[in-house]
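A.B. asks: Read off the chains here:
There are 2 protein chains.
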Amino acid sequence: MSNSSVPNWNIPEPALRRLPWYLAYIKLLKKKGQTHVSTTQIAKKINVSSTQIAKDLSYVNVAGKTRVGYELVVLIEVLENFLGFTSQHRAVVLGVGSLGAALLSDSGLEQYGLKIFAGFDIDENIVGTTINNIPVFDVSEFAMRKKDLKADIGILTVPPDIAQETADFLIQNGIGAIWNFTPFRIRVPENIVLQNTSLYAHLAVMFNRLSMNTAAKDNK
Amino acid sequence: MSNSSVPNWNIPEPALRRLPWYLAYIKLLKKKGQTHVSTTQIAKKINVSSTQIAKDLSYVNVAGKTRVGYELVVLIEVLENFLGFTSQHRAVVLGVGSLGAALLSDSGLEQYGLKIFAGFDIDENIVGTTINNIPVFDVSEFAMRKKDLKADIGILTVPPDIAQETADFLIQNGIGAIWNFTPFRIRVPENIVLQNTSLYAHLAVMFNRLSMNTAAKDNK
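Just so you know, the sequences run in chain order X and R.
Numbering that gives the first Met the number 0 puts the first sequence at residues 0 to 219.
Numbering that gives the first Met the number 0 puts the second sequence at residues 0 to 219.
Worth double-checking, as some hints may not be accurate.
What the hints assert, rightly or not - Pairwise CB distance ranges (calculated):
hint	chain 1	residue 1	chain 2	residue 2	range
1	X	Gln110	R	Thr65	53 to 63 angstroms
2	X	Lys29	R	Asp167	45 to 55 angstroms
3	X	Glu123	R	Lys29	26 to 36 angstroms
4	R	Asn60	X	Glu76	38 to 48 angstroms
5	R	Asn9	X	Asn132	43 to 53 angstroms
6	R	Lys29	X	Phe116	28 to 38 angstroms
7	R	Asn9	X	Lys30	26 to 36 angstroms
8	X	Gln110	R	Gln110	23 to 33 angstroms
As the list claims (entries may be wrong) - Once the Cα atoms are required to be at most 30 angstroms apart in a straight line, the calculated DSSO-like pairs of lysine-lysine come out as:
hint	chain 1	residue 1	chain 2	residue 2
9	R	Lys29	R	Lys43
10	R	Lys145	X	Lys216
11	X	Lys54	R	Lys216
12	X	Lys216	R	Lys114
13	R	Lys114	X	Lys114
14	R	Lys216	X	Lys146
15	X	Lys216	R	Lys54
16	X	Lys43	X	Lys64
17	R	Lys64	R	Lys114
18	X	Lys114	R	Lys146
19	X	Lys216	R	Lys149
20	X	Lys216	R	Lys31
21	R	Lys216	X	Lys145
22	R	Lys114	X	Lys149
It is worth saying that the hints were derived from the structure and are not from the lab.
Keep in mind that this is a model prediction, so the values were computed, not measured.
Note that beta-carbon positions come from the ideal geometry of N, C-alpha and C, so glycine has one too.
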């Protein structure tokens, strides 16, 4: 049932997650003046086998040619469209504390198809202000504002102890996807899209491995 | 060779990544007035089997008691120490664009043990300014500044096309860990700690699954 204008929905999540790596690399090659790329060349740089890369790219509607490989301009365009980076996805931020405010001020996400239209908080010092020209509303106005905002994605940057109830609230109000930045492991119904970005888990791994390396050095 | 004051270095990365979830949940339980917790109770909420949780916690030097489980105040303290959230880890940000600036202004990371002491960039409009009281220096001063900054961790928020060369530069200058926020898949020597936070991969997954759900609804 898929055609070139519709994303392939059978693509497994790990493959989907690898596509942005290929995209970043081939954009660099194009900048350097290259016109074509082979899966072998990508494989050398990205640490994924060329067989895997060919399989991942088979989910995307793009054809490589024997010997010359993929045409860069075409592959870049097709990948960017496929990944949704060229269309605008509307989002709101719940919890405009330090991290929430940081995300509001990061306009770089727009280049990847995410546009934040509003923040919501309960703190009267923040409500009514704007950050990066994006208004911050009182969370009590959420249901009323949502119609105009037409946002499908809720970015969750509230304190961890209210992460679950805020997620439930978003879902009740028709949000279809939650991007969870809190360290709390929220649960959502099957029909709701959930992505966890665990900054704190990454920190924990870094700290642990760093102290391991430091100790190894000290023992030498 | 491990004792209570030294992190257990044999802990596998997936276990290490799960510990912050347990921590967030048990902090919530403590806030609600609970004094003890069992792995069964955590399992119900976090979607990880209680056997797995018991195994993950066995890497941490903490003992649960039959029937009563773990004492919350003890478990929280031990986990926070083990994960490195209670000590200060010194970091610098390379690339003070939109995302880099956002990270400089997110003081919330300090609560998890990460303190950013400087940003580095080449843009003369940014160099010499401060963000959230953190100075931004010219990247040419990196080697000179590094001694005073005593930073082990380099946060990579440069444009993707210079991600690899900037990583190489950091490593040459003695940085031990790289937190890569670029979509570029950098490669580092084995003795360098690397964590990738792929915001764009998360976006790609969200966009794809959202359009899948929307189409499924439309077909009803």
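A.B. asks: Take the hints in turn and mark each one as holding or not.
C.D. replies: Outcome of the hint check:
{"no.": "1", "hint": "X:Gln110 with R:Thr65: 53 to 63 angstroms", "verdict": "holds, 55 angstroms"}
{"no.": "2", "hint": "X:Lys29 with R:Asp167: 45 to 55 angstroms", "verdict": "violated, 22 angstroms"}
{"no.": "3", "hint": "X:Glu123 with R:Lys29: 26 to 36 angstroms", "verdict": "holds, 28 angstroms"}
{"no.": "4", "hint": "R:Asn60 with X:Glu76: 38 to 48 angstroms", "verdict": "violated, 54 angstroms"}
{"no.": "5", "hint": "R:Asn9 with X:Asn132: 43 to 53 angstroms", "verdict": "holds, 49 angstroms"}
{"no.": "6", "hint": "R:Lys29 with X:Phe116: 28 to 38 angstroms", "verdict": "holds, 36 angstroms"}
{"no.": "7", "hint": "R:Asn9 with X:Lys30: 26 to 36 angstroms", "verdict": "violated, 43 angstroms"}
{"no.": "8", "hint": "X:Gln110 with R:Gln110: 23 to 33 angstroms", "verdict": "holds, 30 angstroms"}
{"no.": "9", "hint": "R:Lys29 with R:Lys43", "verdict": "holds, 17 angstroms"}
{"no.": "10", "hint": "R:Lys145 with X:Lys216", "verdict": "holds, 20 angstroms"}
{"no.": "11", "hint": "X:Lys54 with R:Lys216", "verdict": "holds, 29 angstroms"}
{"no.": "12", "hint": "X:Lys216 with R:Lys114", "verdict": "holds, 23 angstroms"}
{"no.": "13", "hint": "R:Lys114 with X:Lys114", "verdict": "holds, 29 angstroms"}
{"no.": "14", "hint": "R:Lys216 with X:Lys146", "verdict": "holds, 19 angstroms"}
{"no.": "15", "hint": "X:Lys216 with R:Lys54", "verdict": "holds, 29 angstroms"}
{"no.": "16", "hint": "X:Lys43 with X:Lys64", "verdict": "holds, 19 angstroms"}
{"no.": "17", "hint": "R:Lys64 with R:Lys114", "verdict": "violated, 36 angstroms"}
{"no.": "18", "hint": "X:Lys114 with R:Lys146", "verdict": "violated, 40 angstroms"}
{"no.": "19", "hint": "X:Lys216 with R:Lys149", "verdict": "holds, 17 angstroms"}
{"no.": "20", "hint": "X:Lys216 with R:Lys31", "verdict": "violated, 44 angstroms"}
{"no.": "21", "hint": "R:Lys216 with X:Lys145", "verdict": "holds, 20 angstroms"}
{"no.": "22", "hint": "R:Lys114 with X:Lys149", "verdict": "violated, 37 angstroms"}
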